[in-house]
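Undergrad: The two chains are supplied separately, each in an independent frame; assemble them into the complex guided by the hints.
Chains as they are written, first to last, in the numbering used here: chain A, 1 to 357; chain B, 358 to 663.
Watch out, some of these pointers could steer you wrong.
To be verified - For each label pair, taking beta carbons as the anchor points, the in silico distance ranges come out as:
#, chain 1, residue 1, chain 2, residue 2, range
1, A, 149, B, 440, 56 to 64 Å
2, A, 323, B, 366, 36 to 44 Å
3, A, 244, B, 366, 53 to 61 Å
4, B, 444, A, 244, 54 to 62 Å
Keep in mind the hints are simulated off the structure, nothing from the lab.
These numbers were taken from a predicted model, which means no experiment stands behind them.
Where a beta carbon is used, it is the ideal one built from N, C-alpha and C, also for glycine.
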Amino acid sequence: MKFTTLLASAALALGLAGGAMAQDPTKVGFVYVGPVGDGGWTYEHDQGRLAVEAEFGDAVETVFVENVAEGPDAERVMTQMALDGADLIFTTSFGFMDPTINVASKFPDVKFEHATGYKRADNVSTYSARFYEGRAVQGHIAGKMTESNIIGYIASFPIPEVIRGINSAYLHAAKVNPDVEFKIIWVYTWFDPAKEADAAKALIDQGADVVLQHTDSTAPQAAAQEAGDVMTFGQASDMAQYAPFPRVSSIIDNWAPYYIERTRAVMDGTWESVDTWDGIPTGMVEIGEITDAVPAEVKAEAEAMIEAMRTGEYHPFTGPINKQDGSAWLAEGDVADDGTLAGMNFYIEGVDGEIPQ
Amino acid sequence: MDLSSINPILLIAAMIAAATPILLAAIGELVVERAGVLNLGVEGMMITGAVCGFIIAVNTGSPTVGFIAAAVGGAVLSLLFAFLTQVALANQVASGLALTLFGLGLSSLMGQSYVGIKPPRADPTPLGPLADIPVIGPILFGHDMMVYIGLGIVAATWAVLKFTRAGLVLRAVGENHDAAHALGYKVKRIRTLAILFGGACAGLGGAYISLIRVPQWTEGMTAGVGWIALALVVFASWKPWRVLLGAYLFGGITQLQLNLQGAGVAIPVEYLAMSPYVVTIIVLVILSADKSRAPGSLGRTFHASG
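Excised from the complex, chain B in its bound form (with noise of 0.2 Å):
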């Protein structure tokens, strides 16, 4: 054993890239969650955009391209999700699963002819001489674009949903779509921008993956991150900044428990293997003691009847 062998610095810098895709996928299924939506494709439109991202990313060059379709990606083919159950009526869960399952299938039928082909790239963010500071540069600065616009996708769902109006009428179509529409709110309208952004934040997630932590397109290799992203949302109670700690939580021990492997830690590995959903699930669990619940109408069709 030996613990000198991991570098503290590098470890976070590693927990906070790997946290992203968990992170991005989640935040966007908070919203569709707050706006009464229940959608479980998460990992279909995470595999999706991974693959929509990763083939416009080949083909123009340019990881940001990529970024843009995979996140395009992803909310198409949330407009199915969108037009099934708040068209049709479908049931959620059901519409969810075969998202997922269609997500699966189309993404490795569209990504045949890209089995071993590299990505472009992408760069970490230009910040100059801020990457340059000891200790927090490497943690802080030296990441690529898409950690920051993670961290600010956050914080601007969490200002939007607490301090603007667009945020209260959001939440109220989750709580209540009775009285929201009531009110003269556009229920449907509403919740299906909330399912867009759910599926293109998704897509970004996915898109992470396969540009930037693997970066080479496989089927499936979003390997079940979406339904982790889903039980966060959970887990979280449905607040944005403790679905940052969740993911930063996951991503984090993820990367510990393979450098305690790597430095020879006595423990055995099945506890280490399960030590990021157990600590996780603790974690949440302990801060989710004030009562928050579930909004009122999650997962129930809404049916404008008068």
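Chain A extracted, bound-state conformation (with noise of 0.2 Å):
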């Protein structure tokens, strides 16, 4: 990973090096968490670049760098993107959000990204997508689906985003089954396809016939056919390769036009730092195709819900709505309002375990 990492350095500097002598194209960068094969999270963003770069030809330069990790490793990273000369850069996973604000304060006159944080400067926007949207749909189908009662859950790391994910897939089963259980394993990665594989097999030897994931990786599809009868969901990405079965659905983050629309800003000179955090009305968050191994009418249902979430009619934490322990959260008829939902740290009522610290 080091290797690709300095490769990566190395096509930078030679970048900058052939870009000197050209009429000077605006500059992007990405900061990748895990590698643009994954097939899911970082597969995504870098669809997201290959957008920016059709868009705007040779009026853009983008470099990235893949399997940046968590830490000190990535604020290095960002620093030398930032001296290479880029004029923004994406930095797209929440581990990220620390080093994106330190860098920034170095380089006021680069534009920075963070996906899914919550911290801002005058040189740092936030962007998110409300992949519980999706996540509500899942949870929908998979309580309608599952005949064991039991869905497992592939949990990353104990950070509102994946507790949000949980509840929200946790409400649409249980309304829709009032006896499923969830299981949840947290793996405390966000892309390790041995330990997502490893975790699958675990549910699923427990009685899970449905698998819902939060990790990047297709391996617990891959494991879910191994074992025959169990149903999955993209995450991420479509993971159309294991349609119709066991991918039966997915949640799909559409970066593209946000990118293209960032870019442009910071070409024309109207960037500015916001704080996005768009769904399914503004296709950020996209459901993959239902497949046939789904029943005509829960798929119809699903879809009703899509489409009642575009027009916002629906939100999917709409009270009457309990937290774990019994005491109320949303009354009757009450939307959870955005400040809760982005610092969410409680489970809802209903579902087991208790949330790492």
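TA: Given below as structure tokens:
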């Protein structure tokens, strides 16, 4: 992995040497937490990068570094990018939040955009997608489809983003199937195919016939396929190579329009620090094809829910909802506010287990 | 908390499968170190084996051919290490680290067009009615071929090192290469062969991950297993059966902690996550109280001076 970083740095240096002669294109950098070939999260961000290149052609130059660890290494990579003349840098993982803020304070003229974080500055925007909208749809399908009433959930890190996803999926699964039970395994990684496969197998061995994941590889799909009768959903990316079964639908992150818009803002000088949190209505979250493995009526219900969210009629967190300890959170008809959602650190009533602290 | 949801039979079967890549890589490294060479490139050889095995298995449709290719791929990469350390007399630690970096880069280059492809599936070994025996059937007889081959390699390594002349010569080279040289043994040739064996085993371990455990190709998918294998050799005090024990412990507790989490056991997840490392180290440290020590010439460069 270090080797690819090295190669990318070399490519960066070369690019700089070559670029200096041309008429100075806008340089856009991307810092990725996984490999572009992960088939999930990082893959979709890289599709966004390619869309920026396709949109602006020679007027932009993009660079990326993949497999950047969430820690001091990230700061080094970002600093290097800024020193090499990047005008705009997208850092695409929650753990890059503090490094992004640190580096941004040293380079006030460089614009930074951090995905899924909550810390901003004059030259740091944040952006994220409302994945919980997609998880509501998957939860609905999962609750309808499970026969063992045990749904496995591979969770990455105990951050609001992931907890929100668990709550949203559970809420909608339990709504259509009150007997449903969630088994949650925390793997403490965004991307480790072997660990994700092991976690999926452990869940399947314990009777789960639907496995949801908040990690980036397709290893759980492969494990489900081997088990034969276990259903999964694509996460971050369509993962269509496992359709029509075990992958019966997916949540797709579509970053391309956002990346194009923000790059254009830098090019024409209108860039400002903003906080963007978009979902199904703007297309930042898409639901991949619901396959025929799902009965037509369930598919229709799911599509109706998608449509209701698109038009703004329905919010996945609509009361009455209690917290895990039984205390009231949302009253009948109330809708969760973004602040609470963004900092969500509790399970809702019915979810078993404790959130690791 | 619901421990009854853990099926012990499936758990033990999963443990055995999870231990196999570590076991294969570690037993190869054990032979290398017993010959007096410290090859830190295990991770690089594993990932190269993983990608070679994957590419060949996809193109031929045969997992078996894939595994053979993985062994060859790992061995070919280790040849680079052999050249650096045995011919060019480079520092072994630096060469090993370089081998890991090179292997990671090379494998991601080779695997570029294989992302998202599904490999052919390896069937469980056809052991007929044995697999239907209650309880021990699924545990002992329901695995794919590589699990048994891994066990066979451990047994063979132990027997060769302990009982044969070749094993004695290999150990002599590792203990004192000058003395072995004075007795007329070809130190470099023997070490090169040991390095090749280590590379082949690491390659098999890598392919087990890309063809059976995960089955798919993604960059960096060995995710540090090679480093665990390296540590395991030291903690197992260079003894084959302890490597087996350590690998099973590590693989087993890794599986167990995932299952405990699924069952909702109220132990903080962080403790569960570190438990495989802690338990494996503790057990092997206790076992190594017998004052076994590293081969005398481990890590030292041999240069025939006379």
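Undergrad: Each hint: holds or not?
TA: Now for the hints, and whether the structure bears them out:
A hinted range of 56 to 64 Å for the beta carbons of residue 149 of chain A and residue 440 of chain B is consistent with their spacing of about 59 Å. The hinted range of 36 to 44 Å is satisfied by residue 323 of chain A and residue 366 of chain B, whose Cβ atoms lie roughly 38 Å apart. Restraint check, residue 244 of chain A to residue 366 of chain B: a C-beta distance of roughly 32 Å breaks the suggested window 53 to 61 Å. At about 55 Å, the CB distance of residue 444 of chain B to residue 244 of chain A agrees with the hint of 54 to 62 Å.
Violated hint for the displayed structure: number 3, the only one.
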